[in-house]
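Number of protein chains: 2
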Amino acid sequence: MASSIEQLKVCLVGSGNWGSAVAKIIGNNVTRLEGFSRDVTMYVYEEIVDGEKLSEVINSRHENVKYLPGIKLPTNVRAEPDLVSSASNADILVFVVPHQFVPGICAKLKGSIKPGAVGVSLIKGLDANVGGKLELVSETIASSLQIPMSVLMGANIATEVAQECHCEATLGCKNSAQGSMLKRIFSTDYFKIEVVDDLEAVEMCGALKNVVACAAGFADGMDLGSNTKAAIIRIGLVEMMSIIKSLFPDSKKKTYFQSCGVADLITTCFGGRNRRISEAFVRTGKSLAVLEAEMLNGQKLQGPATAQLIYKILEKEAFKIEVPLFVKVYQICFEGISPRSLLEIFSIVSNL
Amino acid sequence: MASSIEQLKVCLVGSGNWGSAVAKIIGNNVTRLEGFSRDVTMYVYEEIVDGEKLSEVINSRHENVKYLPGIKLPTNVRAEPDLVSSASNADILVFVVPHQFVPGICAKLKGSIKPGAVGVSLIKGLDANVGGKLELVSETIASSLQIPMSVLMGANIATEVAQECHCEATLGCKNSAQGSMLKRIFSTDYFKIEVVDDLEAVEMCGALKNVVACAAGFADGMDLGSNTKAAIIRIGLVEMMSIIKSLFPDSKKKTYFQSCGVADLITTCFGGRNRRISEAFVRTGKSLAVLEAEMLNGQKLQGPATAQLIYKILEKEAFKIEVPLFVKVYQICFEGISPRSLLEIFSIVSNL
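Chains A and B supply the protein sequences, listed in that same order. Number 216 in numbering that gives the first Met the number 0 belongs to position 217 of the first sequence; there are no gaps in the numbering. Number 231 in numbering that gives the first Met the number 0 belongs to position 232 of the second sequence; there are no gaps in the numbering.
Some hints here could point you the wrong way.
For identical chains, the list gives no copy identity; a pair is met inside one copy or between any two copies.
Within a straight-line C-alpha distance of at most 27 Å, the following computed DSSO-like cross-link-like pairs (lysine-lysine) qualify [unchecked claim]:
no., residue 1, residue 2
1, Lys319, Lys251
2, Lys311, Lys285
3, Lys109, Lys132
These are computed hints drawn from the structure, not numbers from a lab. Model, not experiment: these values are computed from the prediction.
Put together the whole structure using the sequences plus the hints.
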């Protein structure tokens with residue numbers, strides 16, 4: 000697929016914490032791999048940092064001083080504040096922006112994408128389309144830009160990946176040649192990629208795990224102990240599977256044993272901002288909005304919004320499946336019920 | 000199955016931390032359930048605690064002051080230092096002793112078991128039989144005492160169960176009527192039991208997770224970060240599945256989504272003594288034997304011995320399956336290789 004004549008060009012659409020960590024990997028890989036252009040562009044939403052433009056700082060110091068300080072980026076990664084120029088001649092578009100920016104970015108890129116380009120989404124989030132049906136971020140991008148999409152998800156705290164801690168990720172891909180090609184630009188000896196053809200389940204895991212992390216955070220806030228927390232994570236995983244199976248009947252159970260499944264769930268339920276804010280929600284009694292503002296420096300929580308979306312979708316479908324944990328997280332976040340009612344998930348199936 | 004005439008009698012063979020926590024549950028349950036005798040006996044390996052016999056302390060104060068201090072036991076649980084008298088008229092034998100005591104206990108009980116009695120093992124560990132083949136503790140007991148056996152495993156830190164923290168457990172059972180009956184004596188509103196017919200997988204999970212916990216502890220000791228630890232746990236789970244499948248081809252993937260699978264693995268890899276000692280092994284450079292003596296107050300580590308057993312069994316079978324994590328844990332514990340070599344599991348499947 001990748002010959003030395005083709006010289007596939009990569010553009011990263013996004014340059015936050017995770018985008019910058021991935022830029023380091025891809026920038027290094029294209030230098031040593033055949034078939035790829037050495038020039039990698041990274042779209043930077045321009046902002047002023049200490050009186051300088053962030054894109055210029057990145058290009059002169061080869062470091063994203065705002066979102067990934069302390070990590071040198073390869074010199075062949077060029078920050079570009081103009082979205083269309085960064086992306087228009089790319090063969091591979093790596094989408095890694097907060098999911099609420101996706102529609103705006105797609106609207107700007109529409110009509111400017113190189114024919115034959117492919118995309119891969121690293122974005123964790125879900126949306127509803129105008130009909131109120133769930134829409135994956137990869138679907139939003141694919142239908143807007145008319146490009147085939149893959150997704151990359153896994154237990155990947157960005158800073159640790161940037162520091163070259165060993166880890167894994169799952170590439171969900173509908174086309175195996177595309178999967179092999181994308182695997183090459185992401186793989187390193189410390190970042191191990193497994194390709195699976197179960198795209199929707201991979202992407203859904205990336206979004207749904209944040210709801211389980213909220214439940215885990217509530218448990219931590221109530222000091223429920225490690226048995227209860229492990230049970231909550233397990234029940235959350237089973238509910239994730241049940242939601243995914245009901246929305247994507249062809250999804251496969253083995254996908255949950257990939258990095259995007261159990262591994263990402265574990266990291267998110269022990270670290271992760273959804274867990275952290277949810278714990279603080281119980282301990283402080285402050286609202287999620289206040290805690291978001293106080294603790295996340297402008298970033299947004301994904302868990303509560305995802306719980307709400309799933310709740311509304313399931314409500315439409317008259318709750319054909321039972322997902323008490325997901326319902327409780329929604330109700331605790333949006334309907335003011337007590338976090339302690341989370342424990343009711345243990346009595347929903349009677350024991351005796 | 001349980002009529003008010005039959006009055007099934009329960010005996011706990013064992014009275015440690017977990018045995019005492021379970022005695023509390025069963026003691027309370029038989030009082031309110033029909034079909035069970037109120038009298039529960041608990042075999043206590045007699046020892047002197049502060050000048051008094053432990054069995055007498057338990058029977059007068061209704062508290063196992065040595066192994067589960069601070070928790071009141073139901074008054075209908077009677078401690079009994081004589082193994083044969085404690086067990087001989089029981090219809091249900093709940094085995095909950097350290098696994099190295101099983102052969103001795105079975106030898107003493109042989110010939111003294113009530114006809115028709117059934118057993119359930121809460122013991123986590125594995126052994127090899129005389130032919131060097133793996134033998135489950137439930138198999139050892141079943142073949143020695145000629146009684147049908149079930150197993151109960153799950154994410155159950157004893158003290159938290161005794162404090163009535165909500166959690167779950169998995170009952171592995173070959174006979175569904177027996178499963179329903181046993182479920183009744185263990186279930187409470189805070190301790191939720193799921194019955195599965197995949198006994199061997201349930202029991203194997205309980206033993207093998209300790210090997211993964213050693214790897215997780217090594218990772219903690221090397222400060223490898225949360226991505227790496229999550230990846231290690233995931234790889235460990237997949238290797239557990241692969242070992243279990245190769246030894247028990249009829250085992251089912253869905254069992255790993257039960258408490259005995261992912262949930263127990265999570266608790267053990269974040270809490271648990273195998274993880275703790277393995278972390279100390281890396282940080283202090285002391286031997287496992289020294290750390291065991293210093294940190295475990297006479298208890299034994301299960302993880303290293305289980306890794307060794309699995310290693311030997313697989314060696315015999317000429318390593319038909321690849322379980323690099325299990326092999327590394329064995330080699331780190333017994334062959335003096337560096338804990339850092341654990342990271343080689345990430346390069347065993349080549350990426351590019």
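Hints versus structure:
1. Taking the closest pair of Cα atoms, Lys319 and Lys251 come within 27 Å of each other both inside a single copy (20 Å) and across two copies (26 Å).
2. Taking the shortest Cα distances, Lys311 and Lys285 sit within 27 Å of each other inside one copy (25 Å), while across copies they are farther apart (56 Å).
3. Taking the shortest alpha-carbon separations for Lys109 and Lys132, only the intra-copy value of 23 Å comes in at or below 27 Å, while the best inter-copy value is 64 Å.
The structure meets every hint from the earlier list without exception.
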